[in-house]
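There are 2 protein chains.
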Amino acid sequence: MKKLFILCVSLMGVAAAFGQEALWSKGPSKSPQVNPDRSVTFRLAAPDAKSAKAVGEMGEVEMANKDGVWEGTSGPLESELYRYSFIVDGLELNDPSNVYTTRDVSSVKSVFIVPGEKGDLYSIQDVPHGSVSKVWYDSPTLGMKRRLTVYTPAGYESGDEKYPVFYLLHGAGGDEESWMELGRAAQIMDNLIAGGKAVPMIVVITNGNAEQEAAAGYSRENFNYEPAMFRQRRGDRALFTDSFRDVIKYVEDNYRVKADKSSRAIAGLSMGAMQTFAISKDYPDTFDYVGLFSGMGEISRAEDKQKMLDMQNNGVKLYLIICGKDDFLLPRVQNYMRQLDEIKFPYEWRETGGGHTWRNWREYLTGFAPRLFK
Amino acid sequence: MKKLFILCVSLMGVAAAFGQEALWSKGPSKSPQVNPDRSVTFRLAAPDAKSAKAVGEMGEVEMANKDGVWEGTSGPLESELYRYSFIVDGLELNDPSNVYTTRDVSSVKSVFIVPGEKGDLYSIQDVPHGSVSKVWYDSPTLGMKRRLTVYTPAGYESGDEKYPVFYLLHGAGGDEESWMELGRAAQIMDNLIAGGKAVPMIVVITNGNAEQEAAAGYSRENFNYEPAMFRQRRGDRALFTDSFRDVIKYVEDNYRVKADKSSRAIAGLSMGAMQTFAISKDYPDTFDYVGLFSGMGEISRAEDKQKMLDMQNNGVKLYLIICGKDDFLLPRVQNYMRQLDEIKFPYEWRETGGGHTWRNWREYLTGFAPRLFK
Numbered sequence: 000m001k002k003l004f005i006l007c008v009s010l011m012g013v014a015a016a017f018g019q020e021a022l023w024s025k026g027p028s029k030s031p032q033v034n035p036d037r038s039v040t041f042r043l044a045a046p047d048a049k050s051a052k053a054v055g056e057m058g059e060v061e062m063a064n065k066d067g068v069w070e071g072t073s074g075p076l077e078s079e080l081y082r083y084s085f086i087v088d089g090l091e092l093n094d095p096s097n098v099y100t101t102r103d104v105s106s107v108k109s110v111f112i113v114p115g116e117k118g119d120l121y122s123i124q125d126v127p128h129g130s131v132s133k134v135w136y137d138s139p140t141l142g143m144k145r146r147l148t149v150y151t152p153a154g155y156e157s158g159d160e161k162y163p164v165f166y167l168l169h170g171a172g173g174d175e176e177s178w179m180e181l182g183r184a185a186q187i188m189d190n191l192i193a194g195g196k197a198v199p200m201i202v203v204i205t206n207g208n209a210e211q212e213a214a215a216g217y218s219r220e221n222f223n224y225e226p227a228m229f230r231q232r233r234g235d236r237a238l239f240t241d242s243f244r245d246v247i248k249y250v251e252d253n254y255r256v257k258a259d260k261s262s263r264a265i266a267g268l269s270m271g272a273m274q275t276f277a278i279s280k281d282y283p284d285t286f287d288y289v290g291l292f293s294g295m296g297e298i299s300r301a302e303d304k305q306k307m308l309d310m311q312n313n314g315v316k317l318y319l320i321i322c323g324k325d326d327f328l329l330p331r332v333q334n335y336m337r338q339l340d341e342i343k344f345p346y347e348w349r350e351t352g353g354g355h356t357w358r359n360w361r362e363y364l365t366g367f368a369p370r371l372f373k
Numbered sequence: 000m001k002k003l004f005i006l007c008v009s010l011m012g013v014a015a016a017f018g019q020e021a022l023w024s025k026g027p028s029k030s031p032q033v034n035p036d037r038s039v040t041f042r043l044a045a046p047d048a049k050s051a052k053a054v055g056e057m058g059e060v061e062m063a064n065k066d067g068v069w070e071g072t073s074g075p076l077e078s079e080l081y082r083y084s085f086i087v088d089g090l091e092l093n094d095p096s097n098v099y100t101t102r103d104v105s106s107v108k109s110v111f112i113v114p115g116e117k118g119d120l121y122s123i124q125d126v127p128h129g130s131v132s133k134v135w136y137d138s139p140t141l142g143m144k145r146r147l148t149v150y151t152p153a154g155y156e157s158g159d160e161k162y163p164v165f166y167l168l169h170g171a172g173g174d175e176e177s178w179m180e181l182g183r184a185a186q187i188m189d190n191l192i193a194g195g196k197a198v199p200m201i202v203v204i205t206n207g208n209a210e211q212e213a214a215a216g217y218s219r220e221n222f223n224y225e226p227a228m229f230r231q232r233r234g235d236r237a238l239f240t241d242s243f244r245d246v247i248k249y250v251e252d253n254y255r256v257k258a259d260k261s262s263r264a265i266a267g268l269s270m271g272a273m274q275t276f277a278i279s280k281d282y283p284d285t286f287d288y289v290g291l292f293s294g295m296g297e298i299s300r301a302e303d304k305q306k307m308l309d310m311q312n313n314g315v316k317l318y319l320i321i322c323g324k325d326d327f328l329l330p331r332v333q334n335y336m337r338q339l340d341e342i343k344f345p346y347e348w349r350e351t352g353g354g355h356t357w358r359n360w361r362e363y364l365t366g367f368a369p370r371l372f373k
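Protein chains in written order, with numbering that gives the first Met the number 0: chain P, 0 to 373; chain G, 0 to 373.
Be aware that a few hints might be false.
[To be verified] Sample of chain G residues lacking proximity to chain P, with all beta carbon distances greater than 12 Å (derived): (1) Thr72; (2) Glu91; (3) Ser96; (4) Lys161; (5) Pro163; (6) Tyr346; (7) Lys373.
[Claimed, not checked] When the alpha-carbon atoms are kept at most 27 Å apart in a straight line, the in silico BS3-like pairs for lysine-lysine are as follows: (8) Lys108/P - Lys29/G; (9) Lys65/P - Lys117/P; (10) Lys161/P - Lys248/G; (11) Lys29/P - Lys108/G; (12) Lys196/P - Lys144/G; (13) Lys260/G - Lys306/G.
Hints in this document: simulated from the structure, not taken from any laboratory. Note that the structure is a prediction, hence the values are computed from the model and not measured. Note that the Cβ used here is the ideal one computed from N, Cα and C, for glycine as well.
If we strip away everything but chain P, and leave its shape as in the complex, we get:
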C-alpha cells in the first residue's frame, strides 16, 4: 500500500506535467486573508488593470497595484460572514483566489468568515455534525414532486429516539438551499446542539415557491435560471401555504419524529414570515412555536381573526415577531402587531438593529432555535 501511495504522488507530478496544474493552483495570490486583528487583505493579479477595489458587506476596500498584484486591506471587522466581489476597471468579478461563493437569488458572490463569536457559530467546528439530505416529497395539493432540505441532528442515524421538528421557511427569491447556504443553518444547529443551547431537532427547509419544484439548478429547468418571483402564477394552482399539509405528512411518515403540537415549530423570513403567519393560522392546532422574522401577517378579515383566536385557544407557547429597525417592512410589521393587539392575541416582540438582511436572519435563527421544545 505504501508503494501505491508513492505511485499516486508521482502521478500527480505526471498530471501536473501534462498541463493539469491550472486545476490545482489557487493563483499567485492568497485572497482573502483574514488577519489576526480581524482586518482582511484582498489580492488580485491583474497587471493590466487601471483600478481595482473590493466591495461587499465589509464596505469598500481600495486596492493598490504592487508589481501587477492589486492589494488592499480593510479595517478590523466584526466577527461575521461577509459576501463581496471585486470591481476592476468597472467590471465586477468574484475573487478568483477564493473557491467559495454563495448565491442570493441571482447574485453569486465570494464569501469569507471573520472568526470570533458569530463567525465561529457560523463555522464548522469540531463537534458532531448532523446530516443534510435533499429529498423529494409528493405534493398532491400542488400536483408535483418537490425538493426539500432535511437536517437530522448528529446521532439520528444510529439511534431510535424520536425528535421534534422545526420547519424553516425562506424569503422571496429564495428556495430550499437558502437557509443552508446563506443562513448557515446546519452550522448554527450543529453548534447550538453541541453546546447544549438547543435540543436536538430535525430542521425541515421547504421551497416556498408554489410554481417551482426545486431550487435553481435542481429542477427540470436545469441551468436555465429565472428567479421564482418573476414567474407567472398559474391561476388554478393552490398556494404553497395550502400545500403545507403535504410537507408535514412526508416528514411525519418518513422520519422518526414526535408528531404532536408541542414538538412542532415553524419560522420564516420575509415572504416566509407571511407564509408562517398563514400556515400557523390555517393549521391552528399544529405548532407550539411560531417565529415571524422580518415579516408579518394581515388579519383584517373576521375569518382570519377567528382562526388566530382558535390558535390561541389551542395554546401557543411562543409567537415571536422580530424585525430590524432599518427594515423596510417594519411599518407593516407594526401594523400587524396593532391588529394582534386589537384581538388580544399574545406575542413577543423584539426589535433589533439592522435591516432586511441575512446577517439579521442568521442571528434570529440563533436566538429562536434555543427556545424551542423546552
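Got chain P sorted already, so can you dock chain G onto it with the hints?
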C-alpha cells in the same frame, strides 16, 4: 390567502424600490444562450473593455462589442456539459449572467449543458428523483468522523426493499462532492434507473483523502481551502483504502442494503481507480463488480498477486478497465494489464477516445452502472 399573495407581490415591489433589485436581476445580458442549432451565444456587459472572449471546454469564442455588450457565438456543439469563463482585457472571470458554476479542485468555472443525447442524460428530467444526503460516518481506522455522499434511489424512503450498493471514488484533488457536481451522478442514476437501464441501487461517494474529514467548505478548515493533494500526509496514519471497512460498516449498518458480494460494486477514477484496485484486492471477497476508470493498479509483489488470485477464486463478475487513448496514464494502465495477463487474471478492457477528463468519466459511469447487479 389570495390577499396575502397579492401582498407578497406588492412587497416585492417595495423591496425593489428599496434597492434590493440588484439581487433579482440577471443583468442586462442573457448568457449563455443555447440556440436551436446547438451553438451557444455568450454575452457580457463591459462597455469599457478593450477585448473579450469566452474560453472553455467548447473552445475559444471571440466576442465583439455591440453598444457596450460583448457578444460571440460558438459553432454548433456536441450535446454535453461544458465549463467556461470569460477573458476580458487579460482578466479571467466567470459569466456574471450565469448563476451556475462547478468547482474542479480549485478551479471554479461557469457551466452550461447543450441538450440532446448526453446533455439530456446529465440533466434533471421529469422522472422520479433519488435523495442525496451528506452524512458523517465514524472512521476508527482514520481516527475521525468523515463526510460521505449517499444517493438513495427514488422509492427508498417509502419502501422496505433492500438495495445493492455501488461505491464510487473520485480522483486526486477531488472529494465527496466531485461525482455529484462534475460527474452529474445523481442525474445519470435518476435517468438510467427511470429508463430501466440500471437497477435501483444506492450509490455511496466517499472522500478518498485520508487527511481530510470533508470536502472544501465542509470541514473544520471552513473557507480556508487547500487542495488535498498538497497536504502533508501524517506518517502514522492509515491510508483511505485501509479504512474502507469503516465506510462499508456505516452503510450496511444504516441503510437497507443487500449485504453480500453480488450486491456490492466499486469503481473509481484516476487516484480512485488505484484505490479501487487496492480495495478490491485487499477485501477479496467483497465485490462482484469492479471498475477502474482512467487508472490502474500495481501487482509486482507476490503478496498482491496472491490477493488478486484469491479475488478471482472468490469470483468477480466484472473487472472493467477503461481509459481514453489520449490519457497520460494509458501506458501505465497498459502495463497493469500486462501484469494481470501474466497471472491470468480475467478483466474487460475498453479503450475510448479522449483523455483524463470528466467528460470521459461521466460516460464511463453511464456505461458501467447499467451492468451492475444483473
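Does the structure keep Lys65/P and Lys117/P at a Cα separation of 27 Å or less? violated (34 Å)
Given the proposed pairing of Lys196/P with Lys144/G, does the C-alpha separation stay at or below 27 Å? Cα-Cα ~22 Å, so holds.
Beyond 12 Å from every Cβ of chain P: is that where the Cβ of Lys373/G lies? holds (26 Å)
Lys108/P and Lys29/G were given as a pair; does the straight-line alpha-carbon distance stay at or below 27 Å? holds (19 Å)
Should the label of Pro163/G as a non-interface residue stand, given a Cβ cut-off of 12 Å to chain P? Non-interface label on Pro163/G holds, nearest chain P Cβ at 20 Å vs cutoff 12 Å.
Given pair status - Lys306/G, Lys260/G, alpha carbons within 27 Å: holds (16 Å)
Beyond 12 Å from every chain P Cβ - status for Glu91/G: It is violated; Glu91/G is separated from chain P by about 6 Å at its closest Cβ, not greater than 12 Å.
Against chain P, does Ser96/G keep a CB gap of more than 12 Å to every residue? Violated, since 9 Å does not exceed 12 Å.
Over 12 Å to the closest beta carbon of chain P is the bar; see if Lys161/G clears it. For Lys161/G, whose nearest Cβ neighbour in chain P is about 17 Å away, the distance exceeds 12 Å, so it holds.
Lys29/P and Lys108/G: Cα distance at most 27 Å? Given pair Lys29/P, Lys108/G holds - Cα atoms ~19 Å apart, limit 27 Å.
Beyond 12 Å from every Cβ of chain P: is that where the Cβ of Thr72/G lies? Non-interface label on Thr72/G holds, nearest chain P Cβ at 18 Å vs cutoff 12 Å.
Check the hint pairing Lys161/P with Lys248/G against an upper bound of 27 Å on the C-alpha distance. holds (24 Å)
The structure does not agree with the numbered hints 2, 3 and 9 stated previously, though it agrees with the rest.
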